[in-house]
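Peer 1: Assembly of the complex is requested from the two constituent chains, each provided in isolation within its own frame, with the hints serving as guidance.
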Amino acid sequence: MISSRYITIPIIFLLLCTQTLWAVERFPPPDFVETDHKLPSTDYITDVTPRLVLYEYIDVAVLAGTLSLASYLVLKNRSRRAIFALMIFSLLYFGFWRKGCICSIGSIQNLVLSVFSNSYVIPLTVLAFFILPLAFTLFFGRTFCAAVCPLGAIQDVVLLRPLVLPKWLESGLRLCAYLYLGAAVLFASTDSAFIICRYDPFVAFFRLTGRLNMMILGACLLVIGVFIGRPYCRFLCPYGVILRQFSRLSRWHATITPDECIKCRLCEDACPFNAINTPTAPWPASNYRKSKIAITSILIISPVIIFLAVLLGASISDSWSKMNPTVRLAERIYLENNGMVEGTINESVAFRSAGTPVSELYQQASIIKNQFKFGGRLLGCFIGFVISLMLINNSIQRRREDYQTDRAGCVSCGRCFQFCPKEQERLKKLKEQSA
Amino acid sequence: MERSEQDITRRKFLNRGFFGILGAGLAAIAVFFGKKKHNPKMVWQLDPQKCIACGNCATFCVLEESAVKCVHAYAMCGYCDLCTGFFEPKPRELDTGAENQLCPAGAIKRTFVEDPYYEYTIDEKLCIGCGKCVKGCNAFGNGSLFLQVRHNRCLNCNACSIAAACPSGAYKRVPADEPYIIKRVQHA
Numbered sequence: 004m005i006s007s008r009y010i011t012i013p014i015i016f017l018l019l020c021t022q023t024l025w026a027v028e029r030f031p032p033p034d035f036v037e038t039d040h041k042l043p044s045t046d047y048i049t050d051v052t053p054r055l056v057l058y059e060y061i062d063v064a065v066l067a068g069t070l071s072l073a074s075y076l077v078l079k080n081r082s083r084r085a086i087f088a089l090m091i092f093s094l095l096y097f098g099f100w101r102k103g104c105i106c107s108i109g110s111i112q113n114l115v116l117s118v119f120s121n122s123y124v125i126p127l128t129v130l131a132f133f134i135l136p137l138a139f140t141l142f143f144g145r146t147f148c149a150a151v152c153p154l155g156a157i158q159d160v161v162l163l164r165p166l167v168l169p170k171w172l173e174s175g176l177r178l179c180a181y182l183y184l185g186a187a188v189l190f191a192s193t194d195s196a197f198i199i200c201r202y203d204p205f206v207a208f209f210r211l212t213g214r215l216n217m218m219i220l221g222a223c224l225l226v227i228g229v230f231i232g233r234p235y236c237r238f239l240c241p242y243g244v245i246l247r248q249f250s251r252l253s254r255w256h257a258t259i260t261p262d263e264c265i266k267c268r269l270c271e272d273a274c275p276f277n278a279i280n281t282p283t284a285p286w287p288a289s290n291y292r293k294s295k296i297a298i299t300s301i302l303i304i305s306p307v308i309i310f311l312a313v314l315l316g317a318s319i320s321d322s323w324s325k326m327n328p329t330v331r332l333a334e335r336i337y338l339e340n341n342g343m344v345e346g347t348i349n350e351s352v353a354f355r356s357a358g359t360p361v362s363e364l365y366q367q368a369s370i371i372k373n374q375f376k377f378g379g380r381l382l383g384c385f386i387g388f389v390i391s392l393m394l395i396n397n398s399i400q401r402r403r404e405d406y407q408t409d410r411a412g413c414v415s416c417g418r419c420f421q422f423c424p425k426e427q428e429r430l431k432k433l434k435e436q437s438a
Numbered sequence: 011m012e013r014s015e016q017d018i019t020r021r022k023f024l025n026r027g028f029f030g031i032l033g034a035g036l037a038a039i040a041v042f043f044g045k046k047k048h049n050p051k052m053v054w055q056l057d058p059q060k061c062i063a064c065g066n067c068a069t070f071c072v073l074e075e076s077a078v079k080c081v082h083a084y085a086m087c088g089y090c091d092l093c094t095g096f097f098e099p100k101p102r103e104l105d106t107g108a109e110n111q112l113c114p115a116g117a118i119k120r121t122f123v124e125d126p127y128y129e130y131t132i133d134e135k136l137c138i139g140c141g142k143c144v145k146g147c148n149a150f151g152n153g154s155l156f157l158q159v160r161h162n163r164c165l166n167c168n169a170c171s172i173a174a175a176c177p178s179g180a181y182k183r184v185p186a187d188e189p190y191i192i193k194r195v196q197h198a
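Protein chains in written order, with our numbering: chain A, 4 to 438; chain B, 11 to 198.
Calculated directly from the structure, the hints in this document are not laboratory data.
None of these values were measured; they are calculated from a predicted model.
Among the clues, some could well be false.
Stretch-level coverage of chain B by chain A, calculated; a stretch enters the list once three of its residues show a Cβ under 8 Å from a Cβ in chain A [unchecked claim]:
#, segment
1, 65 to 75
2, 154 to 164
3, 176 to 187
In silico lysine-lysine, DSSO-like type, Cα no more than 30 Å apart, as pairs [claimed, not checked]:
#, chain 1, residue 1, chain 2, residue 2
4, B, Lys119, A, Lys41
5, A, Lys295, B, Lys22
6, B, Lys145, A, Lys41
7, A, Lys425, A, Lys170
8, A, Lys102, B, Lys135
Label-pair restraints from in silico Cβ distances [stated by the list, open to error]:
#, chain 1, residue 1, chain 2, residue 2, range
9, B, Asp187, A, Val361, 30 to 40 Å
10, B, Lys135, A, Arg429, 52 to 62 Å
11, A, Leu176, B, Ile31, 21 to 31 Å
12, A, Leu172, B, Leu24, 27 to 37 Å
Note that the Cβ used here is the ideal one computed from N, Cα and C, for glycine as well.
Next up, chain B with everything else stripped away, as it sits in the complex (with noise of 0.2 Å):
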């Protein structure tokens, strides 16, 4: 029984028809995720009004020094001169000493403006993203401090790390051209 190069045997047959299955089946995938009029890419951010400044961002990061940082909506800032996201709980005086500030990487500033309000900012180069200041400002304050990925450092890995660390669920996806989940003035 000699057969030509030319002859569709069974094999080759049953091969064409998988073949355009498949081939049938990707260009399916490729159209109908594809035509999705808005499929924007996507990043991660963690929503600040759900936070609760546990300090998994500081640790879970798979970079060394975390890409969230914190970050300070001036708006929203009382300008204390005890500010509790400064300061530790009993701190033995208004300083900027060492042993007085809360924050373990010194990354806040602290500037006087006038009798009695104080300006406090962040050195993003400094500050680790630990989140202590958050929880001390939210604790007693206006919750002006607050947490944010920081798009210059984030990988933007498929399955961010810290998400899956986050004890409240904090962590979304949102679209790359609104990165940002900025805390804003509420009036009650």
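Isolated chain A, as found in the complex (with noise of 0.2 Å):
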């Protein structure tokens, strides 16, 4: 050991003087005697500046001004060609004229980034991006999802045919929305990659320019999304599944009818989001039994569902570890060094010519691969809760008397306002009052 620790280190060292060596001046600048030339300055480098940060702030109050217009929209003025018409000022805005950066959706790693990195602080404005659709949500209802979000503004302008979904496979599919949820906090918490921002299936549209494939999986998002509404939102969007919770409790929410439901069934196809709850029909004494054997077995059996998806979270945690930059590095590296690969990639070779000891390089892979393990562990027992909590919320059977929005599932876009007779009593009352 002793004797290999006095050959690493006069490599270091030597390691260390090639790089000081290439900024040294080879070539000593030159003074100029004859014609008294003047070195051009180089403050034509700094003197373009980013974007000022009052127009972030300007960004933060759009989004404060649209959702409080929506929500006005969708609670006071009931009227889904105004949301529209908002919805095509935010898909203009936020997605077509800020190019679709920064997103709530994606600011969600920004503060799990901030969370757990000591030299990483989320911006004011990301955090407000982050905070005030949560907040609008807590007490309006899904206003976000409606009119501001230009990722759903997107999908919900090309909604022609719409077909309805089994409850479900919607809540089957909703499944990816959980678990990309939680790739996205592992990945960000690690500080390996953005995947919300990388795999914006929309944002390349935004830009007008874009990775190819990303392309074409926006492009087949949005062939679906003639039919299926919205699936990105519905069966993908990490940020949808907090509003869903939010929106839950929500002190106020759209309502299909503007007073009382009066049970007509014309509502009744109206959603092309399945968030439509139609009133239950009453049912025998002996379905309570029914439903307390049900979610008694499945109170059962979800200690072994999570466990098992504990499992496959720790089975997949070092694979997907492999998306750490410094994982990947180090793997590249040992694999070079035991002569297992031939050649070196620009990774290696710009890691060799930093000078870097290899040791410190394993170390720092090995500690992020510990949190992959953990990190994985965690997420599979997230998904196990999240399987076994639809399971429950299946199986219980609630009494409905009337037709009501879903409140997670509803986008409040107000396709359902039109169709309620008690609704159209309500706008002719405006006419005749106006008239």
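Peer 2: Here is the structure:
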């Protein structure tokens, strides 16, 4: 061991020397005795400044404004046309003008990174983008999804021939969103990648340029979105998953009817997002027993579900850790040093020229791998928990007498308003009043 | 069992309780992360000391024409006649003929100052940020040419796609009031 240290220290020293060598002037700058030539200033580099912070605050103000307006339109004005107009504005402003960055969905990762990293601090504007929609949802329901989110807007515009999915498929597919949220948190907390941004399917449209595979994915989602309303929002959006829980508890929420439900069934097929709960038929007393048995058996098997999910999480954590550049580099260096691969790649060349000791790299990589081991299990636990809760939620039999919006799933788009005869009555009255 | 609207049922109680918890949670996040003294706007920049001029900047930016361009720290430049950032490794002649130039876009202008010195300026409109000149200049010259994210072009994506592809980890978020990392003369 001692002998190897005697060798490595001079090698590191030599590497450090070569590192500083290239920054030293090989050719001394001329003094231009003949022509008295002045060196051009390098101010031209720094004169090009980033977008003013003031504009970022304007973005936050626009966000707050559109959220307030959307809430007013959904709860008071009840005009689908106005909601649609505001949605188009948001699509143009947050989407095409601001090029889709920063968005509330991606801000989850900034917050998570800010919690786990000691060097990154979340900027105030990004924090506002994370908090404002949640706060509004807590009071008014998912009005953010209705008319502010550009990703929701671009899908809402193409929804022309809505098909209704069966409820079991709906909640099954929604599991993807929970998984996406969990994975995004895992990758952001280990500072590996911002996957929500990297795999954002619509941002390429907003920028009118982007990676081809994401363009294709976005186009596919839009084609699906013609028939199945807002596929990204319902089955993938990680922010939507959080908004759902906030919307369940919202103080006020969009309602189908402006005053009283007369159970006319006209709104039954109005919702393309499966978010209208129909009244339940009166069931016999034996149903309670059935329901109790179902819930009890789910409660009994839920530890098994969670355990299996944790096992699954543990088994994928190793391959997921390769998303981290440090882990990838360490594995590459290991392979190269042990002669298991031929040649070098840019990453390994850069690493060697920087002169960081290999042991340090290995140590960092193993720390990150351990984080993934723990995080993967935690993610599995979370998913198992979500599955169990979904099963319980689906087997609880609730008694409903009216047609109501499903608070979690309803994006407050306002499509159902016009189907309600009571709403038509209200509009007629308004017209008479103004005339 | 008739229940009037005002009665607090168990469901209502739980509902209000969770409402309070979520509201308080949001407020706590806002206060905890908002009160930190120094959370400025951050922008992406690359550290020229770590950059190995691999060429990823030109191809991985979400913009068709990359936001990364080559810039010149004139104070470090040797004003060489045979500039290894300007010329191909074995140029036929030391002139501005396209066959002799390293830059694929012809973005470097070579002007005679006085014998034997030439000044090299970069036309940013033409530069594609490939870093070929940077590599050449670092290899045999003073390293006065280097790449920087130009903030009039950068969209400041939340997750920079060049940063994800950078082999040397040269990309980092820097405060927006100091958005550049300029190379300076290092006297040994």
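Peer 1: Please verify whether Lys102/A and Lys135/B have alpha carbons no more than 30 Å apart.
Peer 2: Holds, because 22 Å separates the two Cα atoms, which is no more than 30 Å.
Peer 1: Assuming the hint says 52 to 62 Å, is it satisfied by the Cβ distance from Lys135/B to Arg429/A or not?
Peer 2: holds (59 Å)
Peer 1: With a Cβ-Cβ cutoff of 8 Å, does the segment 65 to 75 of chain B contain at least three residues near chain A?
Peer 2: holds (count 4)
Peer 1: Holds or violated: Lys145/B with Lys41/A, Cα cutoff 30 Å?
Peer 2: It holds: about 26 Å lies between the C-alpha atoms, which stays within 30 Å.
Peer 1: Checking one constraint from the list: CA of Lys119/B to CA of Lys41/A, max 30 Å. Satisfied?
Peer 2: holds (17 Å)
Peer 1: Taking the Cβ atom of Leu172/A and the Cβ atom of Leu24/B, is their distance within the range 27 to 37 Å?
Peer 2: This hint holds: roughly 29 Å between Cβ atoms.
Peer 1: Is 30 to 40 Å respected by the C-beta to C-beta distance linking Asp187/B and Val361/A?
Peer 2: holds (37 Å)
Peer 1: Would the pair Lys295/A and Lys22/B pass a check requiring their Cα atoms to be no farther apart than 30 Å?
Peer 2: holds (22 Å)
Peer 1: Per the coverage rule (Cβ-Cβ under 8 Å, at least three residues), is the segment 176 to 187 of chain B covered by chain A?
Peer 2: It holds: at least three residues are needed, and the segment 176 to 187 of chain B offers 5 whose Cβ sits within less than 8 Å of chain A.
Peer 1: Does the Cβ-Cβ separation between Leu176/A and Ile31/B fall within 21 to 31 Å?
Peer 2: holds (29 Å)
Peer 1: Given that the segment 154 to 164 of chain B was listed as covered by chain A, double-check it with a C-beta distance under 8 Å for 3 or more residues.
Peer 2: The restraint on the segment 154 to 164 of chain B holds, since 5 of its residues have a Cβ under 8 Å from chain A and three suffice.
Peer 1: For a C-alpha distance cap of 30 Å, please report whether Lys425/A and Lys170/A respect it.
Peer 2: With a Cα-Cα distance of about 28 Å, the restraint between Lys425/A and Lys170/A holds, given a limit of 30 Å.
Checked against the numbered hints listed earlier, the structure breaks none of them; every hint is satisfied.
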